[in-house]
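A.B. asks: Since chain A is already given, all that's left is putting chain B on it; use the hints.
There are 2 protein chains.
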Amino acid sequence: MPLTDRLLLGPGPSNPYPEAVAALGRPMLGHMDPEFLGVLDETMERLREVFRTSNALTLPVSATGSAGMEACFVNLIEPGDAAIVGVNGVFGERMCEVARRCGADVVRVEAPWGRPLDPEHLLDAARDHPRARVLAVVHAETSTGVENEIAPLRALRDTDILLLVDTVTSLAGIPVEVDDWGVDACYSGTQKCLGVPPGLSPVTFSERAIARLQARDARPQSWYLDLSLIADYVAGSSRVYHHTAPVSMVFALHAALGAILDEGLEAAWARHRAVGTRLQESLPALGFELVVPEGHRLPQLTTAWLPPDADDATLRKALLETYGIEVGGGLGDFAGRAWRIGLMGHSARDRSVTTLLGALGELLS
Amino acid sequence: MPLTDRLLLGPGPSNPYPEAVAALGRPMLGHMDPEFLGVLDETMERLREVFRTSNALTLPVSATGSAGMEACFVNLIEPGDAAIVGVNGVFGERMCEVARRCGADVVRVEAPWGRPLDPEHLLDAARDHPRARVLAVVHAETSTGVENEIAPLRALRDTDILLLVDTVTSLAGIPVEVDDWGVDACYSGTQKCLGVPPGLSPVTFSERAIARLQARDARPQSWYLDLSLIADYVAGSSRVYHHTAPVSMVFALHAALGAILDEGLEAAWARHRAVGTRLQESLPALGFELVVPEGHRLPQLTTAWLPPDADDATLRKALLETYGIEVGGGLGDFAGRAWRIGLMGHSARDRSVTTLLGALGELLS
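Same order as they appear, the protein sequences are chains A and B. In this text, residue positions in the first sequence follow the numbering used here: the first is -15, and each later residue adds one. In this text, residue positions in the second sequence follow the numbering used here: the first is -15, and each later residue adds one.
A few of these clues could be false.
All copies of an identical chain are treated as equivalent in the list; a pair is satisfied when it fits inside any one copy or across any two copies.
To be verified - Derived SDA-like pairs: lysine to any residue, alpha-carbon spacing no greater than 25 Å straight-line: (1) Lys301 <-> Thr338; (2) Lys301 <-> Leu315; (3) Lys301 <-> Leu21; (4) Lys301 <-> Arg200.
Simulated from the structure, these hints should not be mistaken for lab results.
Bound-form chain A, shown alone (with noise of 0.2 Å):
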């Protein structure tokens, strides 16, 4: 087989780190062996730590980012729920579509594609709807580069409107502040900034948002991500058994994590904000123009319009063939127009940007 080995700087995923890639050739244990379960019980405090929270019910879903999105509204809605989404982007879209088949009146709040969605605009909606069940917004837009700012809405608090945040793009690459921003639900991905290959979703959830789930009339749709189920084998003192937890991802994000809290969780920000500040600084000179407004740009995502000139296929497949460089293209009404660089996990590196702007350079020139 080849071993192709590229540097990948697109929206996800990105490179993993050494000791995530290391731990996935750990030994297999079973899903019920105490070993592994001693694994598990590490990761989830990790997860804690990462997701800045005290939250019992703190675990990894067994599927990729976009099944953590799906857990948390099955689980917290019920047909006929009103659901307040955020939408800014593709993964605002996907989080209407995903409470819909839910059964979910979805109140979308909108913003254009490349701005932030406006908190009192959000709040105005919770003000307008009493009854809604929850607020979701996506922290950081993979789609346009884009961070909505949630630490406005944790005035839901003093409401029965559940806090829903998509922190795929965020987690370890910026400040997310779970307990702090009054969060009740929250997941990630683990192939952005956690530096883990794609296979998990850490999934967060508040007192409140357990209450909720323990209020339903009827058991969530989905079997396989039905959390109360789920919590009585991660996180309960029976271990009764639910699905067989996949175990090398497991020991792949625990090594991840590991890596970054020996580095540091601020550490470990400041390393992708200056990456990615430097990198957003250098991109004009080359032709390019940054998407986002200054004060909303994400470091770990930068969208940038190419050059007048350049050809957007044929200067990804340069960047692919000759160097090996991956970055992602526009989605939607980007596509064909606008570049999305990611800079994350182990890829938020100073080599990562000296060398694509090197065989940028070199390709433009």
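C.D. replies: Just chain B now, kept in the frame of chain A:
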């Protein structure tokens, strides 16, 4: 981190094939990278060989076997549909629960634990409920070690009832003949006879299952498991992004399927048959009594009543701690009284049988 090394002779996970472990460490590729898509195509082709099918829609679902079960039901069932389910163990029960959460009216056809379902009873139920949408059976009941016969159910071809089969514990261990048996929807898991870590669920859908999918009134309640959307990415010519594929796990599945097909699928079946028979012939001399009548035993998963004077927990703990051998305890009524001993995938070796019999001989003497 301790790198504890077990001989995994429980109901799964088994010890992965070394080829699968090596492939886990392949350098990460993006999920839209042409090289990864090539590996994915080859994986689907290999899955068709192992499922014995020419079904175009044959792919790995990005979660464990139970999610494969849910994928089959959410795509094929609409609220109010009748579903006939064979129940003679935990996984038949799970099918009923998953079907109910899709809004199905479940018709149960039962057999006692440790005994096979009577195919005639299932076909009788199909005659009594001609408007049922699916008839679902577990081929290899992981909770009891029983093989349920699937071939006679090919008679459903002449009805409008789709045949849905769980091959989590059978695929690549004993003959599974998707096309020849007229199976319309079939799912498996990677961590049993396929010899891959847990984390993916291979699924295959027949033409008439796809027609059912396309004729649905409403979209499936799960977005993550919506096979129409998944197929657009995995198997469609346009490769429409759906979710980020679990790249490393696909590498591992690809490699293990390669190892199995290099050995020869029939040779792999024969290997499972030989080691399972040897174990089953040897256990009575140690005081164990086989649970399942001859002719219905799975070679890859043996259930045996413990010797009258043996204590389940003590004996399994000694096996695990002294010898590093994992066997499975009983579920439900079998808890504390019977064991489940797996010889699956890479664990299905004469060496495994010799080791286990030697250890048990020492512990029970």
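A.B. asks: Could you run down the list of hints and mark each one as holding or not?
C.D. replies: Hints versus structure:
1. Taking the shortest Cα distances, lysine 301 and threonine 338 sit within 25 Å of each other inside one copy (19 Å), while across copies they are farther apart (54 Å).
2. For the homomeric pair lysine 301 and leucine 315, the shortest alpha-carbon distance inside one copy (17 Å) is at most 25 Å, but the shortest distance between copies (54 Å) is not.
3. Within a single copy, lysine 301 and leucine 21 get their C-alpha atoms only as close as 44 Å, which misses the 25 Å cut-off; across copies the closest is 15 Å, which meets it.
4. For the identical chains of this complex, lysine 301 and arginine 200 are neighbours neither inside a copy (50 Å) nor across copies (39 Å), given an alpha-carbon limit of 25 Å.
This entry does not satisfy hint 4, going by the numbered hints stated previously; all others are met.
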